Amino acid sequence: MGEDGESPKINHSFLRDYVTEADVISTVEFNQTGDLLATGDKGGRVVIFQRETESKDESEELGESGEYNVYSTFQSHEPDFDYLKSLEIEEKINKIRWLPQQNAAHFLLSTNDKTIKLWKVSERDKRPEGYNLKDEEGRIKDISTVTSLRVPVLKPTDLMVEVRPRRIFANGHTYHVNSISVNSDGETYLSADDLRINMWHLDITDRSFNIVDIKPANMEDLTEVITAAEFHPQHCHLFVYSSSKGTLRLCDMRESALCDKHSKIFEEPEDPGNRSFFSEIISSVSDVKFSHSGRYLLTRDYLTVKVWDLNMEKGPVETYQVHEYLRSKLCSLYENDCIFDKFECVWNSTDSVIMTGAYNSFFRMFDRETGRGVTLEAWRESSKPRAVLRTRRIYNGGRRRRGDVGVDSLDFTKKILHMAWHPAENIIAIAATNNLYIFQDRVNAENLKT
Amino acid sequence: MFSKGTKRKFSDGGEEISDESLLGARVASSYSLQRQSLLDMSLIKLQLCHMLVEPNLCRSVLIANTVRQIQEEMTHDGSWHMVTEAFCSAGQSPSERLVATEVLCRSREQDAEPKLFSVISYEGCCEEEVVADETLCSVSVSDTVSNVCLAGRMGQCWEKSELSGIERDEEALEDSRLGSGEEEEIDTEDGASTESPKTIGQVFGTFEIKNGSPGPDSALEELFSDVDTSYYDLDTMLTGMQSAPKMGPYDLLDSLAPSHSSPSIVSTPNCRSDLNELDHIMEIIVGS
Chain D
1 MGEDGESPKI NHSFLRDYVT EADVISTVEF NQTGDLLATG DKGGRVVIFQ RETESKDESE
61 ELGESGEYNV YSTFQSHEPD FDYLKSLEIE EKINKIRWLP QQNAAHFLLS TNDKTIKLWK
121 VSERDKRPEG YNLKDEEGRI KDISTVTSLR VPVLKPTDLM VEVRPRRIFA NGHTYHVNSI
181 SVNSDGETYL SADDLRINMW HLDITDRSFN IVDIKPANME DLTEVITAAE FHPQHCHLFV
241 YSSSKGTLRL CDMRESALCD KHSKIFEEPE DPGNRSFFSE IISSVSDVKF SHSGRYLLTR
301 DYLTVKVWDL NMEKGPVETY QVHEYLRSKL CSLYENDCIF DKFECVWNST DSVIMTGAYN
361 SFFRMFDRET GRGVTLEAWR ESSKPRAVLR TRRIYNGGRR RRGDVGVDSL DFTKKILHMA
421 WHPAENIIAI AATNNLYIFQ DRVNAENLKT
Chain A
1 MFSKGTKRKF SDGGEEISDE SLLGARVASS YSLQRQSLLD MSLIKLQLCH MLVEPNLCRS
61 VLIANTVRQI QEEMTHDGSW HMVTEAFCSA GQSPSERLVA TEVLCRSREQ DAEPKLFSVI
121 SYEGCCEEEV VADETLCSVS VSDTVSNVCL AGRMGQCWEK SELSGIERDE EALEDSRLGS
181 GEEEEIDTED GASTESPKTI GQVFGTFEIK NGSPGPDSAL EELFSDVDTS YYDLDTMLTG
241 MQSAPKMGPY DLLDSLAPSH SSPSIVSTPN CRSDLNELDH IMEIIVGS
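Protein sequences, first through last, are from chains D and A. Oh and the first sequence: position 136 is 136 in full-length UniProt numbering, straight run, nothing missing. Oh and the second sequence: position 7 is 7 in full-length UniProt numbering, straight run, nothing missing.
There may be inaccurate statements among the hints.
Now the in silico label distances, taken between C-beta atoms and shown as ranges [what the hints assert, rightly or not]: (1) ARG390(D) to TYR31(A): 38 to 48 Å; (2) TYR31(A) to LYS314(D): 46 to 56 Å; (3) ARG166(D) to TYR31(A): 50 to 60 Å; (4) THR174(D) to ARG68(A): 41 to 51 Å; (5) GLY78(A) to GLY273(D): 22 to 32 Å; (6) ARG372(D) to ARG68(A): 33 to 43 Å; (7) ASP404(D) to ARG68(A): 53 to 63 Å; (8) ALA170(D) to GLY78(A): 45 to 55 Å; (9) GLY371(D) to GLY78(A): 41 to 51 Å; (10) ARG68(A) to ARG166(D): 41 to 51 Å; (11) GLY315(D) to TYR31(A): 28 to 38 Å; (12) ARG380(D) to GLY78(A): 49 to 59 Å.
Interface residues of chain A toward chain D, partial, derived using beta-carbon atoms under 8 Å [as the list claims (entries may be wrong)]: (13) SER21; (14) LEU23; (15) LEU38; (16) VAL61.
These stretches of chain D come out as covered by chain A in the derived footprint (C-beta under 8 Å, 3 or more residues) [said to hold, decoys possible]: (17) 224 to 235; (18) 280 to 286; (19) 331 to 340.
Just so you know, the hints here were simulated from the structure itself, not pulled from any lab data. A quick note: this is a predicted structure, and the numbers were derived from the prediction, not measured. Virtual Cβ for every residue (Gly too), placed ideally from N, Cα, C.
This is chain A alone, in the form it adopts within the complex (with noise of 0.2 Å):
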């Protein structure tokens, strides 16, 4: 994701860079952001498929290949295979994930070159962020599932908010980033949020998880890798997406929060307020 651009070190502010070259790393890393958002969004689509109706396959179909048509790029590109770098090492994948998202999170589409900064700046500090995130669903007993938490609070956003504005959806996403869904009470400070565990199951279904380092090329068969050809197979396996490319529901948060000039680059409220709340009820969940 970062292959495109210069990266400006933080205490190097003296460093002369020509403007050409500045604009140039700009509108690189903006477009592989949008790009990056644009495969979060299509991931989710796919994802919330699973409903009480047969989803439509076209649509269905018609994701799929946009997503491949974007891993397709993103692997000539270089940046796929920094990407799936990031799955291989287990132990750093959630804070790998949480880097970026604190790119997506922070990004104002006028500007590129700060976010580079932020990303380097919060390497460390990681954690935090990881509470934040994963607090917003109750059930969570490992990384992976929570990111169907959070992704299966999202998909109720997306459900209910089927066509309605840009507004409506980016009230959702506060909504759940301030850990109260559009029909709950706000109990997720509480650590048991009684009708999330059961909606989430509704969308999910019966999903597998599967663990282990996807290859580079590997992530798009892995999603179909345990496909049969019956039909109803094929929503497993979709849903099944959900194990590779793990960043997915957490940039959901970002994609789901257009600004209103670029569609993809979001703005979300700053979730420090809430650290130590969520931090609370993360001792709980993680203690048990």
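Same shape as in the complex, but just chain D (with noise of 0.2 Å):
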């Protein structure tokens, strides 16, 4: 993936676009400081990116935030072939998480739809030189020349990334691994596949503990797949999943090994007025966040986003419409598959702005506490760097103001599936398709109100 030498010079914050289904991002994840994004895509490879250090000058205008540029690529996955089954193992990278950074270096884990990685990135900007025994090539010197003692010194060199995996957590898993969840004590982490949840060690790559196991003993009578998997950001012992029938469980680990029974059950009962045969479907929750506070939920079914507080199971708390426009298209949605995407959400970082992917390159901001909702759209023709993003607004009868956007015009083919929000700044990474974007706010937040 060659860069021109022109793009950085045009934009810092656009990949190049390239039309190969390898390129598609599949994740995007910002490290706990925010310095560090990750992404991952079809083709199995990892891109970082990392934010470009301010001028420690203090008259620095505020508002200038440092741009993203690439840090690192490496390939993490290859594609591989399960010989059982006759079938491809695909490369895409399903998740990047970070740990927690305790020394110089930076950890992530990237998973693919049944091994996990440990990826160890570390800088090296000096090196030794004047080695006795060694040339300059790493030769071994003749003894006989050597004819006196010197202790060789560090001298600085071109800063180089290296990134060598540490751990590989293979064959843990049976059907395809949706999620990965770094835990808060640091130790541990679990994955999820459609049926069961594993907590592994860092440590340890040989064995996983299995805590969840939803697999019938008859295939047959399989109707609930696990979708997301989440530990709790503060207690070590509590994690969250979600399910293809729309309900969430908490689990507990204390309360037994095996946690196929839940804590609690969060469930919305069902709106008889809506009723369909595609209600099941669109019930299904594709993501589940945990607030950074840890006292709410956010989860990502087809139309809606909902809060869930983790005291009240009877049903959310709060409920956004992303595109309600689309309930009368389900039907031809099915037909094309497009029911079943799977769409990211996000907290900001004070938990007060949720964000979600929708069609045609558009995402949906929620205020939570006015309750309103703004559409943004994410697509290189009408951006360009540092222009402030335009609300958009779509038009289902009533009355169209100019630039509205005829719900019949959405293209379908544009879908805004992963995103991340940097953990302290209003800094957001969309993934569309092939290309990230990186909206970074001012300092009033202009772009950000309606």
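Since each chain sits alone in its own frame, please combine them into the complex, following the hints.
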């Protein structure tokens, strides 16, 4: 993946537009400080971006945040073949999660459908010079030529970023891994596939604990699968998992070794007025995220995002319509498989704003305090670097304003599935097929208000 | 499928029927047709799981649940009973299937009543339709296999046009109806399409066809009956769905090319113009 000399000058925030399938971004994740942003793609590659450090100068204007530039690129997973089932194993990176930083190196977990890998990302900007027994190229010197002794010194070199696989957690999953989540204890993490959730210790690769197993004895009785899972941000014994039937189960690992029995189950009763053959499919939760506070859960199903209070199991406390205008189009969306698209959802750093993606390169942000939502667009043609994001509107009957997009002209191939929000600032990363968009807030949060 | 709505005899044009019951009949018929079309679409989706990469289990489970839901509703209606009755009489089943196909073939979203006419009037001459449909696949050993082949061809269309618009599906549909796949030469008329047997085989792999007559409620049980707990067999089990509702592949023809306003009710090109050529091919195949 070469880079033109020109493109860094034009815009820092966009990857070059490739049309190949392998470049479709499949996951985006900031690290805990927000200085690093990792993306994984369908070709099994991981690209890490680093934020330019701001000048230490006090007179630096507020709001001049650093740009993100490519820091490192590496091939995380390769295509594989399951000989027993005669099926390919895709190298697509399903999820990346960063470990909390403990020393100068950074660690991240990346997973495809079957295997999770722990990568160490470290920098080298010095190297020792002046060895006694080796020459500059590393060849052993002839002893007789050594006349004096010296102490090797560290000399600065060009920055090199080294990425090495440190652990490979293989053979833990029969089904497709859809989530990984690092525990707050810093030692363990969970990985969830369609029917099971395993807990691993970061240092141990040859075994894992199975903590949830919903596989029925008879596969013909299978009616529900696990769609996402996450550890609680503060309580290392709690985790939540969502299902294809729209339920959330909070499990406490102190209760038993196998957490098939949930501590709490969060379920919204079905609205009989809106019932259709597609009701179950659209209720399937595609993503679940704890709030930073640990008190709320954010879930995404096909048409809505919902906020749940951990203390209230009978229903969500807030529901936001992402694209209700699609409700009448469910049959077509079922036909072209769009109804199975899995959108992610994210919280902002203060848990006051939630964001999720939609079609036509649109994404939605909801302000929890006012209850209002805006539609924004991640589309290169209509935005230049440093341009303020315009809000968009969907026209579905009623008065049409200029610039409104008609429901029937939505492009369902342009879907925003993956996104991330900086842990501390108002910076968002949006993956739109093979492009990555990074939007930064100005001091007064102009472009986040309608 | 015809449990709702009033059947009006073609010859009996003078009989008075109130507007209200007529409208009710139309709506009910239209609903059951849409439901049927949804069922067929779902079954095809499940069959097409059999690709090189492992199928998405979540998607398969959601589709299977939808199928179950439709089946339950149809059982309550009594319409499932009628459908499975058709399966029970093996000799009759191809024509019954095609009767159903005709209904969807000719259905336009506005008018349910004429569909009933055509069903009734067509019952007698289904044989030609059999020819037309079966010749779309050059490998046809038995009726059931021909269903498979047809679905296989459709399968390629599904795979190729994953996210493309409805127009493209329609085009693909028309192409295959006329006997030429998107990537194949127009050689089905010669009775030997060298590419299709191989690609069809790829799509379906090692699924099994089960003969015999499923009971009214056991269609779905049939689907899962020979499954064992290993995940690998989930694939064969899901593709084994092919055996029970045999009208699936035929109706796919129609559900793949939906009209613009109504997603489920479709229009298809009239296949009669190709009957002579297809007749010829059929003779070759059946004759051997």
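Hint-by-hint comparison with the structure:
1. At roughly 42 Å, the beta carbons of ARG390(D) and TYR31(A) sit within the given window of 38 to 48 Å.
2. For the pair TYR31(A) and LYS314(D), the beta carbons lie near 33 Å from each other, so the given range of 46 to 56 Å is not met.
3. For the hinted restraint 50 to 60 Å between ARG166(D) and TYR31(A), the CB-CB distance of approximately 59 Å keeps it satisfied.
4. Between THR174(D) and ARG68(A) the beta carbons are some 24 Å apart, a value that contradicts the proposed interval 41 to 51 Å.
5. Between GLY78(A) and GLY273(D) the Cβ separation comes to about 26 Å, which falls inside the hinted range of 22 to 32 Å.
6. Our hint of 33 to 43 Å for ARG372(D) and ARG68(A) holds, since their Cβ atoms are close to 40 Å apart.
7. Between ASP404(D) and ARG68(A) the CB atoms are about 40 Å apart, so this pair departs from the stated range of 53 to 63 Å.
8. Hint check: ALA170(D) to GLY78(A), Cβ distance near 53 Å, so the stated range 45 to 55 Å holds.
9. Distance hint check: the CB atoms of GLY371(D) and GLY78(A) are about 47 Å apart, consistent with the given range 41 to 51 Å.
10. The hinted range of 41 to 51 Å is satisfied by ARG68(A) and ARG166(D), whose Cβ atoms lie roughly 46 Å apart.
11. GLY315(D) and TYR31(A) have their C-beta atoms about 31 Å apart, which keeps the hinted 28 to 38 Å range intact.
12. Taken as a hint, the range 49 to 59 Å holds for the pair ARG380(D) and GLY78(A), whose Cβ atoms sit roughly 56 Å apart.
13. A hinted interface residue such as SER21(A) counts as satisfied when its beta carbon comes closer than 8 Å to some beta carbon of chain D; here the least separation is about 25 Å, so the hint is violated.
14. Taking 8 Å as the C-beta cut-off, the interface hint given for LEU23(A) is violated, the closest approach to chain D being about 21 Å.
15. At a threshold of 8 Å, the smallest CB-CB gap from LEU38(A) to chain D is about 6 Å, leaving the interface hint in force.
16. Interface hint status for VAL61(A): upheld, as the beta-carbon distance to the closest one in chain D is roughly 5 Å, under 8 Å.
17. Counting residues of the region 224 to 235 of chain D whose beta carbon lies closer than 8 Å to any beta carbon of chain A gives 3, which meets the minimum of three for the stated coverage.
18. Counting residues of the region 280 to 286 of chain D whose C-beta lies closer than 8 Å to any C-beta of chain A gives 3; at least three are required, and the coverage claim holds.
19. With a cut-off of 8 Å between beta carbons, the region 331 to 340 of chain D has 8 residues touching chain A; three or more are needed, and the interface restraint holds.
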